[in-house]
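Participant: Our numbering applies: residue 136 is where the sequence shown begins, and numbers increase by one.
Note that these hints are calculated values from the structure, not bench results. From a predicted model like this one, the values you see are computed outputs, not experimental measurements. Glycine residues also receive a C-beta, built at the ideal position from the N, C-alpha and C atoms.
If you anchor each label on the Cβ, the simulated ranges turn out as follows: (1) G411 to E674: 29 to 37 angstroms; (2) D278 to T246: 41 to 49 angstroms; (3) S387 to R658: 36 to 44 angstroms; (4) T487 to R178: 29 to 37 angstroms; (5) D278 to T354: 27 to 35 angstroms; (6) R178 to V383: 14 to 22 angstroms; (7) K314 to E674: 46 to 54 angstroms; (8) H261 to R654: 48 to 56 angstroms.
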Amino acid sequence: MFGVVHLPADAQVRGGVVMCPPLGKEQADTTRGMKYLGEVLARSGFLVLRFDYACTGESSGSQESPDAAQRWLDSIDSAVSYVREHTDSVSLVGLRAGALLGGQNQDLLQTLDALVLWDPVAKGRHYVRGQMALHNMSIGMVDADDPRVHLVGTSLAQSAADALARMHLTAQTLVEGPKALLCGIRDTDVSGRFATELEAAGAEVFPIGDPTPFVASHTVYFEFPVAVIERIAQWLDTTVGAQTRSAVVAPSNHAVLPDSPAGPAIRKSIHTLDDGTIVWITEPDSERPASAPLLVAHSTANDIRTGPARLWADLAELVARRGGRAVRYDRYGVGETSPVDPVDDFSPLHTTESIGQARAVTEFATVGVPSRVVHAGVCSGSWLAAHLGTRGAQSRVVMINPLMWRLRTTTFDTTKASAIGAGPSVSEVVESTGPDNRLTALQMKLRERFGPLLRAHMPYPVVNLLGAAGVVQAPKILLAALAKRGVTPDLLFSPWDYERFTLNRGPRAIEALGRRGRRPNVRVSASGDHPAMHWLIRESVVEVCLDALGLTTEGLNTLEEA
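Could you build the full structure based on these sequences and the hints that come with them?
Facilitator: Quick look at the structure:
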């Protein structure tokens with residue numbers, strides 16, 4: 136099981152806090168906010184354990200395991216036992232589905248000093264149905280004969296989904312368990328039955344506003360609920376006693392996963408670079424040849440290193456079990472890399488710094504002379520893959536749903552995100568960063584509104600001239616630059632992304648490169664979404680990456696094999 140421990144600077148601990156994360160995309164999206172709460176609590180004298188349930192995140196086990204739900208509950212028991220080895224006082228914080236899971240074991244609840252339910256999922260059945268509907272609307276429909284249950288950001292076996300649906304929280308059971316209970320509930324549910332019953336039974340209930348921008352943002356921009364985090368930290372600070380004891384934690388930076396039907400044993404290790412970047416390397420546990428191929432996965436926006444619906448983590452295991460190596464990392468200001476600044480909640484894209492970080496990660500992970508290095512990424516991650524793919528003779532590039540079609544750096548930050556509706560309002564950005572950003576916001580709005588119309592009627596040479604000038608996106612600019620460096624990329628598109636590629640005259644660029652013997656390999660998914668969470672896109676990425684690495688794809692059915 137993967138976990139992160141936060142300790143006070145002097146290792147004098149007054150109590151422990153186990154933090155149960157949400158599931159699926161919510162788990163990945165809230166990683167940074169949960170990390171911030173862990174850091175705040177550690178400064179107040181708590182030992183804090185954040186962890187990934189079995190079959191999720193970095194922990195072992197397939198997300199499609201039939202017994203995944205029971206293994207999630209077992210993971211909570213293991214986490215509490217681990218913390219109790221270091222302190223007698225243990226509290227639990229559960230966010231979203233983490234609150235639902237954390238409230239299932241009545242015996243465990245009775246051992247807790249405090250329990251915090253943060254935007255809790257009270258009924259598993261409602262949650263599963265809602266996540267399935269949201270998946271079908273925002274990510275894509277699934278085959279009627281598909282035995283799996285697809286939620287937003289994860290795919291479950293039917294038995295695991297059924298077990299989750301049977302779970303529920305009741306006020307009386309919760310109040311009878313821990314010594315103290317705090318529940319932060321969204322404004323729309325404050326007067327609901329669950330909240331009123333909790334309050335009537337003696338729990339402290341407080342409104343948290345609308346948590347959607349934090350737990351389920353519809354854009355690349357996330358908001359930290361700083362006030363809610365501080366309220367939770369202050370409550371625990373006043374609820375738990377102040378007596379301390381010394382805690383000595385001996386963390387391990389690696390784990391070995393045994394042989395499986397997918398292949399021989401593999402080793403997963405975590406490393407910290409000099410600049411603070413956290414890197415995950417997955418490789419065969421046995422002695423490997425210096426020529427073993429290397430996959431470098433570049434995440435996009437605020438995605439953590441596990442990738443969409445755990446794509447990169449699952450693929451890394453498949454690569455290692457087939458004899459290759461895989462490296463993943465959290466970008467600056469994302470996931471586990473660097474302390475959290477609650478004000479700086481968007482990590483800029485397409486920057487010189489991000490290229491330098493990706494290059495440092497690749498150099499660190501490279502052992503000997505790999506037979507080939509494959510750089511892969513989704514959206515802005517594909518831009519990084521293109522940059523790094525031009526720096527080695529044996530490099531291959533896999534670009535999934537790319538939107539940026541030039542190698543030139545052009546910082547995409549909060550201001551530009553806001554201008555296209557992917558961040559806070561333009562007025563908020565101008566107020567916080569100054570009036571100079573008004574022009575940037577106007578430019579972005581005009582480009583978004585009139586760009587498609589202009590491109591549809593422009594002569595092809597004009598599109599490319601404007602693309603070179605940075606006015607519009609012209610695929611020829613980037614694809615020609617790669618071809619000039621001897622790189623023929625693999626391009627994977629969702630239906631929406633291919634429409635945009637076509638609007639930008641991408642097929643014309645492919646045709647021109649084909650006449651010069653540099654035609655990129657293009658694959659369009661029959662269904663799916665831009666972030667690449669749909670299972671059909673994920674399976675295509677797996678096949679293309681394994682083929683690019685020169686590793687076998689035989690016997691590959693689904694990501695369940697990992």
